[in-house]
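Protein chains: 4
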Amino acid sequence: MAKSCNVALIGQKFMGRAHSNAWGQVARFFDLPVQPVLHTIAARDLEDLQPFADRFGWRRATGNWKEIARDPEIDLVDIGTPNDLHAQQSLAMLEAGKHVACEKPLAGSLKDARVMRDAAKKAKGKTFVWFNYRRCPAVALAHQLVKAGKIGNVLHVRARYLQSWGGPAAPRVWRFEKKRAGSGAHGDLNAHIVDMARFLTGDEVAEVNGAISKTFIKERPMPDGRGKGKSDVDDAVLFLATFKKGAIASFEATRLAHGHQNRNTIELNGDKGSLSFDFEDMNVLNYIDATEDPKVCGWRRIMCTSAGNHPYAEAWWPDAHVIGYEHGFTNMAADILRAIGRKKPEVPLPDFADAYETQRVLEAALLSAKQRSAIKLSQVK
Amino acid sequence: MAKSCNVALIGQKFMGRAHSNAWGQVARFFDLPVQPVLHTIAARDLEDLQPFADRFGWRRATGNWKEIARDPEIDLVDIGTPNDLHAQQSLAMLEAGKHVACEKPLAGSLKDARVMRDAAKKAKGKTFVWFNYRRCPAVALAHQLVKAGKIGNVLHVRARYLQSWGGPAAPRVWRFEKKRAGSGAHGDLNAHIVDMARFLTGDEVAEVNGAISKTFIKERPMPDGRGKGKSDVDDAVLFLATFKKGAIASFEATRLAHGHQNRNTIELNGDKGSLSFDFEDMNVLNYIDATEDPKVCGWRRIMCTSAGNHPYAEAWWPDAHVIGYEHGFTNMAADILRAIGRKKPEVPLPDFADAYETQRVLEAALLSAKQRSAIKLSQVK
Amino acid sequence: MAKSCNVALIGQKFMGRAHSNAWGQVARFFDLPVQPVLHTIAARDLEDLQPFADRFGWRRATGNWKEIARDPEIDLVDIGTPNDLHAQQSLAMLEAGKHVACEKPLAGSLKDARVMRDAAKKAKGKTFVWFNYRRCPAVALAHQLVKAGKIGNVLHVRARYLQSWGGPAAPRVWRFEKKRAGSGAHGDLNAHIVDMARFLTGDEVAEVNGAISKTFIKERPMPDGRGKGKSDVDDAVLFLATFKKGAIASFEATRLAHGHQNRNTIELNGDKGSLSFDFEDMNVLNYIDATEDPKVCGWRRIMCTSAGNHPYAEAWWPDAHVIGYEHGFTNMAADILRAIGRKKPEVPLPDFADAYETQRVLEAALLSAKQRSAIKLSQVK
Amino acid sequence: MAKSCNVALIGQKFMGRAHSNAWGQVARFFDLPVQPVLHTIAARDLEDLQPFADRFGWRRATGNWKEIARDPEIDLVDIGTPNDLHAQQSLAMLEAGKHVACEKPLAGSLKDARVMRDAAKKAKGKTFVWFNYRRCPAVALAHQLVKAGKIGNVLHVRARYLQSWGGPAAPRVWRFEKKRAGSGAHGDLNAHIVDMARFLTGDEVAEVNGAISKTFIKERPMPDGRGKGKSDVDDAVLFLATFKKGAIASFEATRLAHGHQNRNTIELNGDKGSLSFDFEDMNVLNYIDATEDPKVCGWRRIMCTSAGNHPYAEAWWPDAHVIGYEHGFTNMAADILRAIGRKKPEVPLPDFADAYETQRVLEAALLSAKQRSAIKLSQVK
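Chains as they are written, first to last, in our numbering: chain A, -11 to 369; chain B, -11 to 369; chain C, -11 to 369; chain D, -11 to 369.
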């Protein structure tokens, strides 16, 4: 009989909802070596928490996340809290011998991230970081194609994560507080595309060649409607980078690009072909094989929904019966449970050590913007 | 405290899975006047059924669907079986006083459909038909825009439902047997786009002006691998039609259009603007307002994910965190539960009487193809 | 030394301009066996004619087109007049031993078209019909790919020519008079897509299976601003057809589809792949090869501008330095001059006999709409 | 009677052809205050020159460009030679009192550019620089919309010019020699998008925040087939910049991006909306008005071909009868002739002073790449 895995979740907001859904759906659609049990959910706002727990089927709700560390029944702790809490909570759980799946970015600061990486190295439990976009079938397919040499050596990486919700009317929630969020669009959005770039190229950034960090809107209305509060995080961060094997790259994250709501895009140009992905058309991977007959050569629009051919497709629906945002999380939950059950995930899972490398790149970009100079990654540890 | 609604489902194949998921997800994402309980699932293949029931959380599984009619606890019966069973099962459930939600097309024959419509008229329970595409937010929004007069009088309707899985290697499952399926691409795919055309225009077909029904592939390998069997349904049906208020329309369904996997598209041209939808890009509605400044007039690509602005969007994720195929069913489950709880659905729900009108159009198209002449809808009853 | 070909043109409106440009440009961009000389232009409005002739470099202008027939210097006569004049003018020129290039549709009536075909059969001069879209590189490439078997047997043809300029404010020019134009959108637009369908499939229509001809707007403002005049041509014609080798097809032409200004589109689905073209993105051919690895199979967007690989590309600019509408005419002028100089055109040129076949299909569609029945092409001669 | 303008052209390669065509076509399609006369063409390769001159209608051909300076009949000199010749030739012509239209980039070096700017300041003749993309109707429309405040304050500029012809097999023509070309993709392609960014924003770059200049391919086959030669220009240059009014920008030029052949794209995000352009779909401008009803808000695809509504459209064909690459040059020729005839061009024309500002930005980017630091534009003169 299949083993089970008792899961605890901390957080009940946007990510709490996405993760709860993933844990609830994963066993319905995937054949798993280990069955998840929605054991405990923890969050501060107890009034909201019980209905939330009932809705998503969590067996138990608590206002004190530390109880989770103490509960021997719990195998895996999923952390979906603001960035400044990741380190403290992860460390507690790793010390308690749990597996830990932490939301991205790994932490609000490089120092926190380093501590987490070090703790993970010594821990018994496995660690995971919710870079969910790796598990969009199109992105996972791109990873496989690059690895199979389909685009040859990578020359260019072009990554953008553009949103538009951050206008002057957006309330001053924690995401706009440096103290809690660490950064703005940078940690929220560039974290994803740096991870994707590393995941897709299989390469590491050697140098950040220049950067801009910009706060366009310096104060925002408080969520309670009482006046305005300081917004001290970036609204947008752009940077240029060079990879170890020579690819040159540009990255951009912003919350102020009208017409783009969740435009997470990445393109790779290799010496044999190119790949491009746009989350707003998430079921599709664009690919061009530059080695084929020029008469019929062109960008191919691959609908990544073919069971047996495309990652994760077998779990879901027939061809072009497309999937959505939340499926990236469910696909990741499946891979986490496979990893815990000693099976191979569909594509590599990021752990704390891996996410720490992403964090270094983010830090180097901030340094570059501040110092108005290029920064070698070897300087950032 | 919220009332509950005990749901029973017949069927565990493709639609059984889509409906089970919808009943399981709906209360997690919607605030409902009535809470669904996954009470009983019935299907013939008992060996597969119990694991399926466990996976999706059905409390009870049975090999005999008639038990459902006899069970006084059950409020709503969801029928996800092949078309030739819809009438018998629906009638039994309506006679037993249940609400019935039946898969589309309403039936495999017009005669069955008529009997179902008549039974529904006299029944205590409500009836629903799973024309799920009405509940893609983009399609629901299109309905609202037409109703609000945004495109003026409708002149043209252009509807296609193109798939490509039906090549000569596709096995001779029930869908290729006329006796069981009634028709091929016609009932399977044209049913959807005829419903959508009626739903979006708010108008009814007056005449079918010509039609082609074509079976390209006349025999197929049997599913058990033993030889070939006759395929006696259409692979493609095209027809032209005129609506009562004067719009002229074309419809096409095929399973043999490479490059289209689930290309359910519809476009309306009115005298003030146009709307178009393509399921393979399901979160988007294309709209052009022909009355605005020609300097900046153009097709608008509306990402239908804005909570408070677009149908169903509030239930799901932030802007452009797109939804997928299955959400159409979950959105419909929400509207069915609202209707049962005497609340208004987001957009009108098709009942048996409504689906019977769609069936008449399908029948008129087949007659037109056979008789090589135009057919007035008034001749088809 | 290169021979020259003295060209005369009748007409100075829209087509007069497009043809004049083609004759002026062709020798600049193509290496030709025969050099065109812009010898004479004829048109009724003499006041406008001389400046027009000067502008485009016509050596001589005349108000009497019959002079052209009498002028022994002239080799090729290009007819760009309203449809009701095609027969009379073509016959006069063929009798005078000239080559004739006539605008499409071949004629305003089938009877005229038949007379023209018969005259061409007996004439010494060559005939050509300006189905310019055949010479968009993407369409010519599609022709070559179908011929090379790349999409296998053709199963479906889907052709639309949608425009939107024909609203109630459009003045009652000759295009809205049945007497002069023969028909409305049908002869103007369906003529093109019937020609393209025949050209691309290499097959002929066996039957029209049904049709709708609709005049939405029955009177229009007169061009001189004095009151309204009757508009007695169709605004839209839709029809279904079956090709001899079994492909099934739909055609639609309209002047009332907001959002489409010159949307001339055609798609072919074969048993090995598909091709689609949309004039509004005219440099691109979409192609899917359904026989390749499903992991990377998808619609390819082929930019048809590669010299040496794509038809006509060598004459123009580097890759993706795209060409426009008028280039179809220039490319056709090049092929006409090649034909006259006994060289092979890039792809086959339509002559009067060929265009007569298109005219038969148009006639069958009108009959089908009128008689409310299918019409075998063998009935239309 | 209309005045005439005697034009001389230096160069007969790619640009020679594009410019010759423009001077030949402009009077056919535009009503001009001054009529161009194709007076003299000069180029080194006399064997090729005479046939070229005949083909495009140049009255006279010479192997010595200096004769042009001495010829009092010539009014306007068009320079289409490699970058290292621009300064010498421009100066000679300005000294001779001619108007000068020079290909972009203004020069191969900032020093040359400065000398040219200074000469222009003192000259009697007008100067123009062939930044042809300003005269794509979509780009000109974007300029007008920004100027009219339609997108509000510009926050982001995202410009890319991606080509793919520069692989290792591309021969070592002058474009790969630093001595002659000054730079590679940078001067060739970034020049265009820096000009477009300045033109569209109406703002100037204050600082380059970081840059990468990369030569991937260090030697290439010689055009004569004899061995390999050194390629010492950049294959790609990326840089980040800040505009004076605060907008932040990224620029990228490359010749090594498979899937992009002439992908000149620019996007602007303002606080009220966004605009984007892609040359490979050159007739279209994408625009989103973020202030309108979110229910129907979306990117609008504006087909910029409407006479009376869109720049230059009146000169050409009906709606969506699209234009191509060469029309940008013809539109520019029209505006140059208007300027010479003291009429207003459709949108502002770049002169040497204007192009010098673009050159400063290019220089700052190279400095930034070299010095691995941010560079204030005030440092570059």
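No wet-lab data here; the hints were simulated from the structure. Incorrect hints may appear among the rest.
The list treats identical chains as interchangeable, and a pair is accepted whether it falls inside one copy or across any two copies.
The list that follows gives simulated cross-link-like pairs (lysine-lysine, BS3-like), each with its CA atoms no further than 25 Å apart [claimed, not checked]:
#	residue 1	residue 2
1	K167	K332
2	K218	K233
3	K54	K216
4	K166	K358
5	K166	K332
6	K206	K332
7	K218	K260
8	K138	K283
9	K331	K206
Now the hints, each set against the structure:
In the homo-oligomer, the alpha carbons of K167 and K332 never lie at most 25 Å apart, since the shortest distance is 38 Å inside one protomer and 45 Å across protomers. For a Cα distance limit of 25 Å, the shortest separation of K218 from K233 across copies, 22 Å, qualifies, whereas the shortest one inside one copy, 42 Å, does not. For a Cα distance limit of 25 Å, the shortest separation of K54 from K216 qualifies neither inside one copy, at 34 Å, nor across copies, at 64 Å. In this assembly of identical chains, the alpha carbons of K166 and K358 lie at most 25 Å apart only when taken from the same copy (16 Å versus 33 Å across copies).
Proximity of K166 to K332 under the C-alpha cut-off of 25 Å is found in neither arrangement, the shortest distances being 38 Å within a copy and 44 Å between copies. Proximity of K206 to K332 under the C-alpha cut-off of 25 Å is found in neither arrangement, the shortest distances being 46 Å within a copy and 42 Å between copies. In this assembly of identical chains, K218 and K260 lie within 25 Å of each other by CA distance solely across copies; the values are 23 Å between and 49 Å within a copy. In this assembly of identical chains, the alpha carbons of K138 and K283 lie at most 25 Å apart whether taken from the same copy (19 Å) or from different copies (12 Å).
In this assembly of identical chains, the alpha carbons of K331 and K206 never lie at most 25 Å apart, being 48 Å within a copy and 44 Å across copies at closest.
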